[in-house]
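**Student:** With chain A held as given, fit chain B onto it using these hints.
Residue numbers (numbering that gives the first Met the number 0), protein chains in the order written: chain A, 0 to 161; chain B, 0 to 313.
Since the hints were made in silico from the structure, they are not lab data.
These numbers were taken from a predicted model, which means no experiment stands behind them.
Heads up, some of the hints might be wrong.
Simulated crosslink set (EDC-like; lysine to aspartate or glutamate; CA at most 20 Å straight-line) [what the hints assert, rightly or not]:
1) Lys-159/B - Asp-233/B
2) Lys-81/B - Glu-129/A
3) Lys-80/B - Asp-128/A
Which chain B residues face chain A? A few, computed with CB under 7 Å, are given here [said to hold, decoys possible]:
4) Thr-84
5) Lys-105
6) Gln-106
7) Ala-108
8) Thr-110
9) Gly-126
Where is the CB? At the ideal position from N, CA and C, for every residue including glycine.
Chain by chain, the residues:
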Amino acid sequence: MSDDHDHHDGNDDHELRVSKIRDGTVIDHVRGGQALNVLAILGIDGTNGEEVSVGMNVPSNRFARKDIVKVEGRELSQDEVDVLSLIAPDATINIVRDYDVVEKHRVERPDVVEGVLSCPNAGCITTGDEPVTSRFTVLEDGVRCSYCETIVREEIASLIET
Amino acid sequence: MRHDHLITSKQLSRPDIETVLDRAAEIDADPSAVADRHANTLLGLLFFEPSTRTKMSFETAMKRLGGDVVDMGSVESSSVKKGETLADTVRVIEGYTDALVLRHPKQGAATMASEFVDVPLLNAGDGAGHHPTQTMLDLYTIRENAGLDDLTIGIMGDLKYGRTVHSLAHALTNFETQQHFISPESLQLPREVVYDLHQRQDGTGIKEHESLEGVLPSLDVLYVTRIQRERFPDENEYQKVAGEYQIDAETLEAASDDLTVMHPLPRVDEIAPEIDDTDYAAYFDQAHNGVPVRMALLDLLLSDDRGIRGETDE
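Pulled out of the complex, with its shape left as it was, chain A reads as follows:
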């Protein structure tokens, strides 16, 4: 596993554009342009006072350009990390405590995601007023609604419930 969190990275010069955090989560190696979708998936919109730093399209060793998201005071749960895999399959998650990375892991694709994506099929029962949580099974190349069985392969981020 490469070790290029901003404390140790050879790209420090670039990543210093995004401030270090004391306690929280750094989501690194997000595909360029997907940072705001990462925040949307995590339900972070700034209204709850979270301290969030976002770097978009910064140069990276692994990709030509990557995004990086830092959230102060929040450690991501495994469920949240799983869901991130849908739009940021190469992301690394760094849990930071007192300025040190104490945990570092890659995202893994879950079998099912619940309550995160909304079905794009207007004829699906989940799009009405029913008291039902959306549920998608994760395919190799997309996601599939567990209710109406619609398969979505492109622009999965556009399905993120807001």
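**Tutor:** Chain B only, in chain A's frame:
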């Protein structure tokens, strides 16, 4: 595995299907043997869309098993009109009845409803999704007329929106069948259904065509569905397309003498009335088979050892 509800035909294995069809054949041979089998049993009918055959055959089936039905009636006259959710409606009616039959315009409605109830729930059609009880009677009819293995079947018409087609195509992958799908390009099978069919088969058993002509001579069964006017932007376009997917005596001159012609009904002009009295026509028998097949499904789901479960299943 045991199935407490019937939501899609995809959930059923070959032994499950054979258990249903065998039970239907027993009941068909001697309906009087089950005349009191489900006395005092009440079936709730929840039809959020119009239905004639499906609803009446469920009602007949329950009564022929000695039970009775309670009917929500039309949506206009029900509390749904006041904005009640489907989840609430099924939870209320569940308390009145021993099993539920649901038809709903939204896809996935039966899947969701089954998560809110403990009594058996049978999907009688969910939007463009599934219609598994129709599939069981279709399979029963195919088995009686042509057999389910070494079968070459043509499925023609509106394959995009036709839920009977989606359910039947899934179920047939349990058997050794060659399926030919014949439709205008704009009404081909949804990619979700094609995806599932390819998951089940290596693809050699599934072919799509725009014309019946080339495949007709090879068919054991031709399953015709209605192409609906509302799927087309204007009347001319509809007439042009629909005309190519209608069959009459002349069309069938190229067919095998043993061909079985089926249709889930209602038909409009897809099958000329002159076919009705020929040996090809099985569509009225098919409709009649709805009763013994639905009796079998209700019997399996309502018996003490309840659930649909194939004999060789775990």
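**Student:** To test your reading of the hints: which numbers does this structure violate?
**Tutor:** Checked against the structure, no hint fails, so every one of them is satisfied.
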